[in-house]
Amino acid sequence: MKMSNKYSLGSKRVRDIIDRLILDKYCVHLWLGFGQALFIGFGEEIMPQHYKGQAAPPAEIHTHFADWYIEGPGLRVSSNETITADLLSKIKQALIGRKVVDWRYSRRPQQFYAEFEGGYVLKIVTWSSDHLTSEQANSDSWCLRLPDGRYLCVSCTGIVDFSI
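Just so you know, numbering that gives the first Met the number 0 puts 2 at position 3 of the sequence shown, and the rest follows in order with no gaps.
There may be inaccurate statements among the hints.
DSBU-like cross-link-like pairs, simulated, lysine-lysine; straight-line CA separation at most 30 Å [stated by the list, open to error]:
1. K122 with K91
2. K11 with K89
3. K98 with K11
4. K11 with K24
Quick list of the computed label-pair ranges, beta carbon to beta carbon [stated by the list, open to error]:
5. Q35 with R12: 18 to 24 Å
6. T83 with R149: 20 to 26 Å
7. D18 with I158: 17 to 23 Å
8. A55 with E116: 19 to 25 Å
9. A36 with P146: 18 to 24 Å
10. T132 with A84: 31 to 37 Å
11. T156 with L87: 16 to 22 Å
12. P72 with R149: 32 to 38 Å
13. T83 with S128: 30 to 36 Å
14. P72 with D23: 19 to 25 Å
15. E70 with D147: 30 to 36 Å
16. K98 with D15: 35 to 41 Å
17. G118 with L31: 18 to 24 Å
18. S133 with Q92: 36 to 42 Å
Calculated directly from the structure, the hints in this document are not laboratory data. A quick note: this is a predicted structure, and the numbers were derived from the prediction, not measured. Quick reminder that beta carbons are idealized off the backbone N, C-alpha and C, glycines included.
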């Protein structure tokens, strides 16, 4: 039987899960989905960038109702831009193979930060209620897929849903 538990992103259990899955782990895979949704895989070994039919990265963050920004030396890009193949290649070159050295979360505005070696930062900014319908307000801003296939999802209202 699948149960769902609601947590605060600041809860010890949630912090421990995020620490275990991304802190001191490498960015091993990165791709963009429909609507500029960002998918970043974390693990110990770099994966081929076209891994159809292969195993997924051990953990993966992906965005939904959120904007994302990546900044660092010589790079400043966001989901609000047109991402060309060349720009996506620069993003991959900047992050893949770099370890996450820190992460944090702020509630107002609701933002998630992951800092990588070399001074690169991923920032995920949840869409404000001004940009969401009432149905979308309880939707996921971003999710972290765990190695066992479960998800830790953060809603646009900041509630963490962890399915066990």
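We went through each hint and held it up to the structure:
Only pairs whose Cα atoms come within 30 Å are accepted, and K122 paired with K91 is accepted, the gap being roughly 16 Å. Straight-line distance between C-alpha atoms of K11 and K89 comes to about 35 Å, which puts the hinted pair past the 30 Å bound. Restraint check for K98 and K11: the C-alpha separation of about 22 Å stays at or below 30 Å, so the hint holds. A C-alpha spacing of about 20 Å is found between K11 and K24, which places the hinted pair at or below 30 Å, so the restraint holds.
Taken as a hint, the range 18 to 24 Å is violated for the pair Q35 and R12, whose Cβ atoms sit roughly 31 Å apart. A beta carbon spacing of about 35 Å between T83 and R149 contradicts the range 20 to 26 Å that was offered as a hint. For the pair D18 and I158, the supplied restraint of 17 to 23 Å holds, since their beta-carbon distance comes to about 20 Å. The hinted range of 19 to 25 Å is satisfied by A55 and E116, whose Cβ atoms lie roughly 23 Å apart.
Judged by the Cβ atoms, the range 18 to 24 Å given for A36 and P146 holds: they are separated by roughly 21 Å. For the pair T132 and A84, the supplied restraint of 31 to 37 Å holds, since their beta-carbon distance comes to about 33 Å. Between T156 and L87 the Cβ separation comes to about 31 Å, which falls outside the hinted range of 16 to 22 Å. Checked against the hint of 32 to 38 Å, the pair P72 and R149 passes, with Cβ atoms roughly 35 Å apart.
In this structure the hint that T83 and S128 lie 30 to 36 Å apart at CB holds, the actual value being about 32 Å. Checked against the given bound of 19 to 25 Å, the beta carbons of P72 and D23, roughly 21 Å apart, stay inside it. Checked against the hint of 30 to 36 Å, the C-beta distance between E70 and D147 comes to roughly 32 Å, which is consistent with it. Against the hinted window of 35 to 41 Å, the Cβ-Cβ separation of K98 and D15 comes to about 19 Å, which falls outside the hint.
For the hinted restraint 18 to 24 Å between G118 and L31, the CB-CB distance of approximately 22 Å keeps it satisfied. For S133 paired with Q92, a C-beta distance near 41 Å keeps the hint of 36 to 42 Å intact.
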